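From first to last, the protein sequence lines are chains A and B. Per the numbering used here, residue 23 is the first one in the first sequence, and the count goes up by one each step. Per the numbering used here, residue 11 is the first one in the second sequence, and the count goes up by one each step.
Bear in mind the hints are in silico, worked out from the structure with no lab data behind them. Warning: the hint list may mix true and false statements.
Sample of chain B residues at the chain A side, in silico, Cβ under 7 angstroms [what the hints assert, rightly or not]:
| hint | residue |
| --- | --- |
| 1 | Arg-151 |
| 2 | Pro-166 |
| 3 | Ala-172 |
| 4 | Val-209 |
| 5 | Asn-269 |
Just so we're clear, the structure is a prediction, and the values are computed from it rather than from any experiment. The beta carbon of each residue, even a glycine, is placed where N, CA and C say it ideally should be.
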Amino acid sequence: MKAPRLSYCTIGILAVAAGAAAAQPVLVRVTSETIARLRQNDPMVRMEKPSTSTPPIVRPKATALTEESTILHDGTNWTMVPNGAVIHLPESQRGHINARPVGNLMSWRDFLAKNSAWLSTRDISFDQAAGNEKVSSSQLAEWREGEKIVIAVHQKGPIRMKLSMAEPELSQK
Amino acid sequence: MIRQAVILALAAPLLHASESAVDFRRVEVPGQGIVWDAPCETDPSPAVARVFWQRTWRLDSGRMESPWSDACLRGPAVPTAAVTVRTLDPKGKMPRTRVDQPFVVEVEIGGLLSGMDFPESVSKVLLERRLESAEEDPESRRILLGSNGLNRLRFPASGLTADDPTRARGEEEFIVHTLAGDGRTPTRIGGARVLVLPVASGRIVGIRSGDTIDHAPQLKIVMTDLYPTSANRLMLFPGSSVNGRSGKTLRLRTIDAENCANVSFSFKTLDRHLSGDGTYTLALISDTVYGRELLADPITFQVRRNLQASADTTRGRRGPAP
Numbered sequence: 023m024k025a026p027r028l029s030y031c032t033i034g035i036l037a038v039a040a041g042a043a044a045a046q047p048v049l050v051r052v053t054s055e056t057i058a059r060l061r062q063n064d065p066m067v068r069m070e071k072p073s074t075s076t077p078p079i080v081r082p083k084a085t086a087l088t089e090e091s092t093i094l095h096d097g098t099n100w101t102m103v104p105n106g107a108v109i110h111l112p113e114s115q116r117g118h119i120n121a122r123p124v125g126n127l128m129s130w131r132d133f134l135a136k137n138s139a140w141l142s143t144r145d146i147s148f149d150q151a152a153g154n155e156k157v158s159s160s161q162l163a164e165w166r167e168g169e170k171i172v173i174a175v176h177q178k179g180p181i182r183m184k185l186s187m188a189e190p191e192l193s194q195k
Numbered sequence: 011m012i013r014q015a016v017i018l019a020l021a022a023p024l025l026h027a028s029e030s031a032v033d034f035r036r037v038e039v040p041g042q043g044i045v046w047d048a049p050c051e052t053d054p055s056p057a058v059a060r061v062f063w064q065r066t067w068r069l070d071s072g073r074m075e076s077p078w079s080d081a082c083l084r085g086p087a088v089p090t091a092a093v094t095v096r097t098l099d100p101k102g103k104m105p106r107t108r109v110d111q112p113f114v115v116e117v118e119i120g121g122l123l124s125g126m127d128f129p130e131s132v133s134k135v136l137l138e139r140r141l142e143s144a145e146e147d148p149e150s151r152r153i154l155l156g157s158n159g160l161n162r163l164r165f166p167a168s169g170l171t172a173d174d175p176t177r178a179r180g181e182e183e184f185i186v187h188t189l190a191g192d193g194r195t196p197t198r199i200g201g202a203r204v205l206v207l208p209v210a211s212g213r214i215v216g217i218r219s220g221d222t223i224d225h226a227p228q229l230k231i232v233m234t235d236l237y238p239t240s241a242n243r244l245m246l247f248p249g250s251s252v253n254g255r256s257g258k259t260l261r262l263r264t265i266d267a268e269n270c271a272n273v274s275f276s277f278k279t280l281d282r283h284l285s286g287d288g289t290y291t292l293a294l295i296s297d298t299v300y301g302r303e304l305l306a307d308p309i310t311f312q313v314r315r316n317l318q319a320s321a322d323t324t325r326g327r328r329g330p331a332p
């Protein structure tokens, strides 16, 4: 059986492809001088700089959320709410608060849904959270009834209550 | 039905074991004591309706102590800034580049006032370039930006420094600050980071350029700071040149990690690949997203079999180099 004949064009294409795949050009090694030369074109060198009268920047601290939060856990799962968000903490439920967080981290929403047997919420406004609008003592007493932990929320998100409103011993954290 | 129940029962432990990350968005209103964990699905600005400080975390049980991943001041009359870093490396969980490679920083600004002689506090923002080298103290460089819209800055190389500039590594962070602060509340309104990795290098130990051998020595190969997703080869070329030649891969090491990696190994079978007397070149070559590069100077050597028989007439070295 005769072998198929290749055209000269096909042979040339195959030869170039084989050569290109095998002999890819190698770049020159990078040197310190190369980098120094590149940095001369830094765009910030030519742009307007702040003057001495420009207000100072204030840099935020790189904090962990656990440092600013109250931990809630059910023995398997845990979540966090802002310090001061716990309005009512019955004695019988103290074991659910501020233990070392172990197990599965959940969102507040999922944790609440899973633990509604001992966890509940009360919706407050920003003004109430800031203490600009007082919560009546009767309202507060009503919130602090029962054997469930009560968390202050705004639009379903936990919110810190003004210091005097929240559970005193937790508010000192 | 029974079959489906069995499948679900077997899969349940796996589903429970694969914990997914949880997002938290904490909003604080300066001066009012409001601290609120806002729902992450919607923009909290309409609900807050005042200037607020927002931080976000993405956490799981293994990373519960991680610092916030983003933080910015927001609200009425506060300019907005979205910062994006674009590099030549398309992979990586965060933007990633090499110290000698260019990258672009895009800053999309909104809310600045212009057209009249407004004070800087409402007409400009400050862009801070924070250089966090592994070997040096952090350094900060700052400029002012005064245009709404997209501001694009092309950096030809990283600004990180080290005793050997090619080995510099660390992170650069580009942060936009409002100039309308109260001196206490953080002024950050946007930012982005880029991971900067060093240039890789290598060594072939056991043979030197100019050696003449009758049998191949055992080699030790050391490759340092190999770039993520790179393919790194010990190659043998006929002749004294690497470029324009078709070489043979003696050993291949690929790096499948988010950061640089070091590799070392012994190579004892060079003899099998030497087809006869003549000139050969060994090279360490790395293929990265930036191209094909040498990790070290190539080593060109001569092979002359039966050196002992011709030792009286030639002065070639025998055996492996010291």
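Status of the hints after comparison with the structure:
no., hint, in the structure
1, Arg-151, "holds, 6 angstroms"
2, Pro-166, "holds, 4 angstroms"
3, Ala-172, "violated, 10 angstroms"
4, Val-209, "holds, 5 angstroms"
5, Asn-269, "violated, 19 angstroms"
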